[in-house]
Structures are given as C-alpha cells and as structure tokens.
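Undergrad: Using the sequences and the hints, build the whole thing.
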Amino acid sequence: MPNVLVASDDRSIAGLIALNLEKRGYSTVTCEVQGEGLASKVAGTFDLAVIDLPQDDLEVVAVALARVLKAPLIILCEASLSRARLAQLGGAAYIRKPFDMDRLLDAVRVILARADWKPDIFERSSGEHWKDRPEK
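Residue numbers (numbering that gives the first Met the number 0): 0 to 135.
Take these hints with a grain of salt, some might be off.
Said to hold, decoys possible - When the alpha-carbon atoms are kept at most 30 angstroms apart in a straight line, the in silico BS3-like pairs for lysine-lysine are as follows:
| id | residue 1 | residue 2 |
| --- | --- | --- |
| 1 | K96 | K69 |
| 2 | K96 | K22 |
| 3 | K22 | K69 |
To be verified - If you anchor each label on the Cβ, the simulated ranges turn out as follows:
| id | residue 1 | residue 2 | range |
| --- | --- | --- | --- |
| 4 | S81 | C30 | 33 to 39 angstroms |
| 5 | M0 | A83 | 15 to 21 angstroms |
| 6 | R82 | G43 | 30 to 36 angstroms |
| 7 | V28 | R108 | 14 to 20 angstroms |
| 8 | G24 | P53 | 26 to 32 angstroms |
| 9 | K22 | A83 | 34 to 40 angstroms |
| 10 | E21 | R113 | 20 to 26 angstroms |
| 11 | R113 | A86 | 34 to 40 angstroms |
| 12 | G24 | R84 | 20 to 26 angstroms |
| 13 | R113 | V28 | 20 to 26 angstroms |
| 14 | R95 | M0 | 18 to 24 angstroms |
| 15 | R108 | D55 | 28 to 34 angstroms |
| 16 | E21 | R84 | 29 to 35 angstroms |
| 17 | E31 | P97 | 16 to 22 angstroms |
Read the hints as simulated data drawn from the structure, not as lab findings.
As the structure is a prediction and not an experimental result, all values here were calculated from the model.
Built from N, CA and C at the ideal position, the CB exists for glycine as well.
TA: Take a look at the structure:
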C-alpha cells in the first residue's frame with residue numbers, strides 16, 4: 000500500500016485529501032505546517048507527497064521536501080505561479096487551485112504507477128529537480 004504525505008496549512012483540506020486517498024487504498028500521513036519547518040517535521044518514508052501551501056511558503060518548502068523525501072511531489076498551487084517557476088520547483092505534477100479532487104486522485108494514481116520514476120536531485124540542470132529515468 001503506497002504511503003502518501005499530505006502537507007497543508009489548512010487542516011480541513013489535508014483531512015479531505017487524506018480521506019479521499021484512504022478510500023482508494025492509500026495509507027496517508029497528514030502534516031499541518033506553516034513555512035519551511037515542514038521538512039524538519041516529516042518523519043517516515045513516503046512514496047509520494049501532496050503539498051498545499053500558500054505561494055509565499057511553497058517555493059522554499061517544495062525544494063526542502065524534495066531533498067528530504069526523495070519522493071515525487073504533487074504541488075497544489077495558485078494560478079498566479081508561472082509555468083517556468085513551477086518547473087523550477089521540481090514537482091512531478093502541478094494542479095491549480097481551486098483543485099478538482101478527481102484530477103488530484105488521477106495524478107496520484109498515474110505517478111505511483113510509474114515504476115521507473117526515481118528522484119534525481121543530484122543531477123540538476125536548468126532548474127530541474129527531477130528527471131525521469133529507468134532504475135539502473
């Protein structure tokens with residue numbers, strides 16, 4: 000059973016996402032955080048993380064989580080973030096807020112189904128934090 004971290008500054012949103020994931024057979028851990036303290040609060044091994052944070056905190060937290068978790072990130076983001084900036088954050092998927100729960104669940108399913116997806120945080124170029132590559 001895949002283990003998914005749900006991080007949000009809003010307990011009700013985190014709970015709603017976790018509930019929907021658990022109904023579909025995923026194990027979840029929720030973490031209510033504000034700011035860059037998230038990376039230090041995360042304990043455990045996760046197959047995926049869903050991050051829902053304000054734009055001000057998102058950029059710092061996404062990069063910190065990518066280094067700590069070494070797992071793909073689905074980032075729920077404000078519409079005002081540009082595609083270029085999102086690409087620099089290194090998420091496996093980006094979903095604009097307000098988000099559709101079915102779209103989020105589809106993204107979780109697709110990303111976790113990709114057995115060849117591995118984080119590659121040590122080979123960054125052009126702001127990329129992740130690269131798809133088969134396991135060697």
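Undergrad: The structure should be examined with respect to each hint, and the outcome stated for every one.
TA: So, going through the hints one by one against the coordinates:
{"no.": "1", "hint": "K96 x K69", "result": "25 angstroms, holds"}
{"no.": "2", "hint": "K96 x K22", "result": "22 angstroms, holds"}
{"no.": "3", "hint": "K22 x K69", "result": "25 angstroms, holds"}
{"no.": "4", "hint": "S81 x C30: 33 to 39 angstroms", "result": "27 angstroms, violated"}
{"no.": "5", "hint": "M0 x A83: 15 to 21 angstroms", "result": "36 angstroms, violated"}
{"no.": "6", "hint": "R82 x G43: 30 to 36 angstroms", "result": "31 angstroms, holds"}
{"no.": "7", "hint": "V28 x R108: 14 to 20 angstroms", "result": "19 angstroms, holds"}
{"no.": "8", "hint": "G24 x P53: 26 to 32 angstroms", "result": "30 angstroms, holds"}
{"no.": "9", "hint": "K22 x A83: 34 to 40 angstroms", "result": "35 angstroms, holds"}
{"no.": "10", "hint": "E21 x R113: 20 to 26 angstroms", "result": "22 angstroms, holds"}
{"no.": "11", "hint": "R113 x A86: 34 to 40 angstroms", "result": "18 angstroms, violated"}
{"no.": "12", "hint": "G24 x R84: 20 to 26 angstroms", "result": "33 angstroms, violated"}
{"no.": "13", "hint": "R113 x V28: 20 to 26 angstroms", "result": "21 angstroms, holds"}
{"no.": "14", "hint": "R95 x M0: 18 to 24 angstroms", "result": "29 angstroms, violated"}
{"no.": "15", "hint": "R108 x D55: 28 to 34 angstroms", "result": "30 angstroms, holds"}
{"no.": "16", "hint": "E21 x R84: 29 to 35 angstroms", "result": "32 angstroms, holds"}
{"no.": "17", "hint": "E31 x P97: 16 to 22 angstroms", "result": "19 angstroms, holds"}
Of the numbered hints stated above, those contradicted by the structure are hints 4, 5, 11, 12, 14, listed in ascending order.
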